[in-house]
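This is what each chain is made of:
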Amino acid sequence: MNVSQFGSWNARFVYKYAPWILAAIVLSCAAAAPFAKNLKLHANFLELLPAETPSVVNLKELTSHVGGTSFLICVIESPNESTARIAAERLSEEAAKFESVDYVDNRSSVPAFENRKLLFLKLESVAKLKQDVRDILGYYRRQANPFFVDLLNEQAPEIDVASYELEQKVYRVGSFEGKDKKNFMRVVLVKPRHTIGDFADSRKLFNRTLATFETIKQDLKHPVTLGLTGPYRTRESEYRTLKRDLRWTGIITTVLLAIIMLTAFRNLRCLVYTYLPLSAGIFLTLAFTQIAIGYLNLITAFLVSILLGMGSDYTLHILVSLENDIRHQNGDILKALDQTYNELWKPLMSSMLTTAVAFYAMVISSFEGFRHFGLIAGVGIVISFVVVFYGLPSLFVLGEKYFPAKRKPAPKPKPIHRNGIYAILIACALFSAYSITQLHAMKFNYDFSDLQAKNDNTIELAERIGHYFGVQLNPVGLITPTRERADEITDRINAYIKTKPNTNFDFATSLTTHVPQDQDAKIKILGEIEALLAQREAVIAKLEGTDKERIEELRAQLKAQPLAIDDLPAGMQRQYEGDERAISIVFVYPNDRIIDGRVTKKFVNELRSLDLGPDIKLAGEAVLFADVLSRLENDTPVVMFVSFLTVIGLLFIHFRRPDHVLWVLAPVIIGFLWTCGMAGASDLHYNFINLTILPSILGVGIDSGIYIFDHYRSKRDDNFFVSMQKTSKGVLLSSLTNIAAFASLAFAHHRGMASLGLLGVFGFTSCLLASVYFVPSLIEFYELRTQHIFNRTGEK
Amino acid sequence: MPKTIIRAVVTVLFTWVALPCFAVETTPQEGVQTFIQSIRSMQFPAQDPDGQKALVEKANTYLDLEALSRKALPQHWDNVSPEDRQAFQRLLGALIEEVAYPQSTEFMGQYEITYPAITPAGNGFEVQSIVKQEAEGLEAEVLYHVYPLDGSWKIDDVTLDGVSITEDLQYQFDKIIEESQFAGLLETMQKRLTEARAENQAS
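Each protein sequence line maps, in turn, to chains A and B. Just so we're aligned: 41 in my numbering is position 36 of the first sequence, and the numbers increase by one with no gaps anywhere. Just so we're aligned: 105 in my numbering is position 98 of the second sequence, and the numbers increase by one with no gaps anywhere.
It is worth saying that the hints were derived from the structure and are not from the lab. Just so it is clear, the structure is predicted and the values come from calculations on it, not from any experiment. All C-beta atoms, glycine included, are put in the ideal place defined by N, C-alpha and C.
When the alpha-carbon atoms are kept at most 25 Å apart in a straight line, the in silico DMTMM-like pairs for lysine to aspartate or glutamate are as follows:
#, chain 1, residue 1, chain 2, residue 2
1, B, Lys182, A, Asp137
2, B, Lys139, A, Glu542
3, A, Lys553, B, Glu141
4, A, Lys65, A, Asp601
5, B, Lys78, A, Asp140
6, A, Lys547, B, Glu113
7, B, Lys60, B, Glu202
8, A, Lys133, B, Glu186
9, A, Lys622, A, Glu638
10, A, Lys553, B, Glu113
11, A, Lys547, B, Glu119
12, B, Lys139, A, Glu549
13, B, Lys182, A, Asp155
Incomplete in silico selection of chain A near chain B, CB under 7 Å:
#, residue
14, Leu157
15, Ala543
16, Val544
One-sided and incomplete, this derived list gives chain B residues near chain A with beta-carbon spacing under 7 Å:
#, residue
17, Val106
18, Phe114
19, Val165
20, Thr195
21, Arg199
The whole structure should be built from the sequences, with the hints applied where relevant.
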């Protein structure tokens, strides 16, 4: 058999062995079922980088020692300070008893700190406190003296807590009361025993915490609310959203495809011909994924919808051709098969190869999101192609043998009038010009909070904590071998911060940071304040209201005993040094929103540039984010370039002429330009999720050009639009199915996925319009102007 | 022990020797008592203007305004002109009448006042008084520094809760003088006096 006979050979093979082919497909699916069933979804950023990446290795080490930097953050708010404090204390007590909780860090109510709060102030602030107490006592003493004549019309001075400065910024986190416009806020950090990827356990913990808080609320007079945030909450929320979106977008895609198919073919059997082989192909792809990789990640989670759309390309081209050919062959199945295979095997193969190669090119990336996507999609396209190439015609053969369909004659193709061609060209030229003006608007969105689920307030709550306490709660951990080394690094970084006004660092802390300095001097001043108060008992006795309360609260703090490092809560010690005390962590806090990828990159790069020593390791989610972004930025141009080059190579093999290759590429180039125009008009930006769809647009966009041009250059003397109308139905339908698959994603709750869907819709729509209208109009325009671009050698 | 004996001897000697020089009160305590009684008898607003005036004048006889003024302006008194000193004393005296006496009347009310101790202090004696403010459950200790002058007892300081009135006044006066000089102090005192008189008339 030579290449020219390949089509006929396949037609005979399928005609003869249709039942066996279908049986083989069913058996393959049965064998693949155990694998496909066990495929899991890992909605974890950790999985987007290779396991040996230093940031991944270090984060795992950090997690193994201290359980990572992640907590469930419970945020309690109330307009009444005492209510917020009591609610936080009770929640801490109850949460510590949960079996799934390792420990609770209630920053607002630590017994070791209870009567030592004033030691955490700066020495100057303690001295100021003494002066303020003197001023208050002096004022009330003067007011109480009947012989005193008030000439100054003094207002009663107050002890203004906000005017006292904490020695270390990290003390702000929940340790002291503060008031933000309406509410007092308290933070309780809950450390679960399970890992962050254990979503079922996380959900149980959230529900139990919320239920416990409802019980606590009932005993409190003033309103109080609980909000949950932190990595445990945000990851679980993201996972839940992704799963829900997967379910719904899969259903919507299936329904949309069914509508398209029924509209195009007007019979139910087309759904069977389309979905059975496609489902088998996707099922086998999922089994392959389980064997090769073991899980789906944040990027590959939506491949089912994408493969449904892209795999349906082959079903549609074959089905359109079979339907058309069986009409022309007066019901002769074998002849129809022969015609279809001979016409389509080459363009289908080229299309499959270009699409697969466009995806495979992503495998060279070190960004696992790209790599897995490329591998699964590339293999999935090949599997889908093989299953559809043999499975669909086999189904067709059996269907026509046992249930022959009555078909109406195909409508005669109509050429488009010359004026129509000019109108199309002008409209397309104008939109191209507009799209050029939008190129500058296409930016990369680094803000990860824009990729989270809609109506998800966990990140907003986390940011509010940052605003409230003036601390961004997403530090990077530096793993150091000893406490002394940790102190040295902390001092070095804090000294660095003082010399760099434009630094991205806010402050660094080690365990020792939580032990106040100058305790002896502060305790001495507190003793002096106590003596002052003791002298003025008579004045204090006459005080009323908040003034008296403040003085009494203050008195409770005046007998502070020195705080040593061993007095620090066990939970806090574990956060920094773990149970074995094999390491000591330094936490470096950023001074800006780490959820913005640009800030993350600058922060991490600056930290790396400090060259702290070979014994220091950076760990934390921020480091992961920075690495993901770097790889994305580095790999995307390379991947696109390699995809493009390889695709061009394949096109050359197929068409052999550079001008033909250019015409095939023209729809893609124009399509990408129009994609930018549509994206710019709708304020859609690139992000690390929707970037993954670009190779798909490249591959599928070229498919249309291959089908159309391959068909056109094989026919002589036909008007382009006339010859195109058979092929264009397949192109149109396949593009519509891709658009439908991505349109369903555009409604996803996960905004990252929604942006992927929207960009897909723009990309495939643009390529469709370019390949079906613009470029053919351009070719016909040149044809009309006497230039014959194609020497067509095929039959009339 | 020796100090206690000395105090006792001095008190006895003073009582036997010096007291006969005082026509009306023979002891510092009696002087303070009369002063306090005068104040307690005052009414605000006054029902009997003439009677009130007599009580005020009587109370004033126990105050040594010049000594009070010197103690309240230790850093400034010697630098101030005699005219300004007179103006200051006049205003201080008027403010005591319009502000301090009404406040004191209210402070002491009809509470029981005891005089547990008299202690020699400086050029005179410190008379300790306890005002038993039963309604508040408090006892206020007020110390009067009295000394003999021209045949009568003079008060130049009153101490409440360990801090003397001259110290409190000094705190204010120093603050005002720092901002607006002595002239500003006189102006402020005049303004306060006008306000106090208006308040007293209104009530």
